[in-house]
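**Q** Sequence:
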Amino acid sequence: MPELPEVETVVRDLRPLLVGHHLTAVKQASRQALRTRWRPAWNAEIAGQRVGSVERRGKWILIGLEAEKTLVVHLGMTGQLTVTPSTQPVATHTHLIFPLDEGEQHLRFRDIRRFGSVSLYPSRQELEDYFVASGLGPEPFDLPAKYWRDCLRATKRCLKAVLLDQGVVAGVGNIYADESLFQARLHPARLACDLDNAEADRLRRAVAVVLRRAIERRGSSIRDYVGGSGLQGEYQNEFRVYGRTGDPCPRCDAAIVCQRLAGRSSHFCPTCQKIPTTKHTKHTKKIKTNLKTTR
DNA sequence: ACAGGATCCTGGGGGC
DNA sequence: TGCCCCCAGGATCCTG
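In case it helps, the numbering used here puts the first sequence at residues 37 to 331.
Calculated from the structure, these hints are not laboratory results.
Ideal Cβ placement from N, Cα and C applies to all residues, glycine included.
Some hints here could point you the wrong way.
Below, a list of computed lysine to aspartate or glutamate pairs in the EDC-like style, where the Cα atoms sit at most 16 Å apart [stated by the list, open to error]:
id, residue 1, residue 2
1, K105, D186
2, K63, D165
3, K182, D165
Across the chosen pairs, the derived CB separations fall in these ranges [what the hints assert, rightly or not]:
id, residue 1, residue 2, range
4, D186, R71, 28 to 34 Å
5, Q268, E81, 29 to 35 Å
6, G139, F177, 24 to 30 Å
7, R253, P52, 32 to 38 Å
8, K192, R296, 17 to 23 Å
9, P125, R259, 57 to 63 Å
10, T60, C229, 41 to 47 Å
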């Protein structure tokens, strides 16, 4: 899916197009259910509401309405949230249409694979309760060093799994996990609890550096992702390991490897990102032998 | 507690 | 051209 940089790009694009404008209605453009079913009762709640804010939390998009009502959108794998002229033909797999103001513009939610969701929370508190209940972790920028070290020390999971865990840090997905690990020169199968403080700090900074750069480039467009104004991202042109199996490592020229790890394809340089011998080597070896090389 | 697999979906690409 | 299989940026549930 769109990961944090893509979601941030959508939010930045949508903010000037939505804040101060009114959602006048809701049209369900398809009968197919999203991950969370749109409740007809929300139609009346939305109608006539003025948009006060557009924000991001992890991979969630929060559209603030009046009286603390919040429209909450998750793009899943293939979700697109865009403002388009109402004269533009409605694309296939468009599920929800929110006409704006006098109806000359539409806010549209399109999602091919339907892993995404759109729902309405009646108050900030209920939304916050949901995030707490689902264990959503802190934002990756300015992560407290001690918090991060403690999280890593407390788990025997591999680094790849920890980075993908939205409860540890919110917003990182498969692409940016691989790119961050390369940036930090750490092997994705390293056990989190094996990292020393210097390595933990390196990874924490690498995540922030990679995500910031990706935001500057408006995220990565692999197939379905577009920003809030329909524009594609550019960061895919700067991938150093993701999707580059067999290509030379930009640091040392060794061939980039792709292995299945934590259920996801994981790309890394076998030379720059080595697993050092440690007290947990036995366990790590077990993980490594379980890996199945793909492609 | 954690790994790993299956699941929810559609579409694109490769192999034959 | 067509068919079949595998793969994909996420999250969640289940099993061992």
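**Q** Between P125 and R259, does the beta-carbon spacing fit 57 to 63 Å?
**A** Roughly 20 Å apart at Cβ, these two residues miss the hinted range, so it is violated.
**Q** So the hint says 24 to 30 Å: do the beta-carbon atoms of G139 and F177 match that?
**A** Since the Cβ atoms of G139 and F177 sit about 38 Å apart, the hinted range of 24 to 30 Å is violated.
**Q** I want to verify a distance hint. Is the separation of the beta carbons of K192 and R296 within 17 to 23 Å?
**A** 19 Å, holds
**Q** Note whether the CB distance of T60 and C229 lies within 41 to 47 Å or breaks it.
**A** 53 Å, violated
**Q** Next pair to validate is K63 with D165; report whether the Cα-Cα distance is within 16 Å.
**A** Violated - the C-alpha atoms of D165 and K63 are around 28 Å apart, more than 16 Å.
**Q** Just tell me: holds or violated, for the beta carbon distance of Q268 and E81 against 29 to 35 Å?
**A** 33 Å, holds
**Q** Between the alpha carbons of K182 and D165, is the straight-line distance 16 Å or under?
**A** 25 Å, violated
**Q** Given a hinted range of 28 to 34 Å, is it respected by the beta-carbon distance of D186 and R71?
**A** With Cβ atoms ~32 Å apart, the hint holds.
**Q** For the pair supplied as a hint, K105 and D186, confirm whether the alpha-carbon distance does not exceed 16 Å.
**A** 35 Å, violated
**Q** Confirm or reject the claim that R253 and P52 have a C-beta distance inside 32 to 38 Å.
**A** 20 Å, violated
In summary, the numbered hints that this structure violates are 1, 2, 3, 6, 7, 9, 10.
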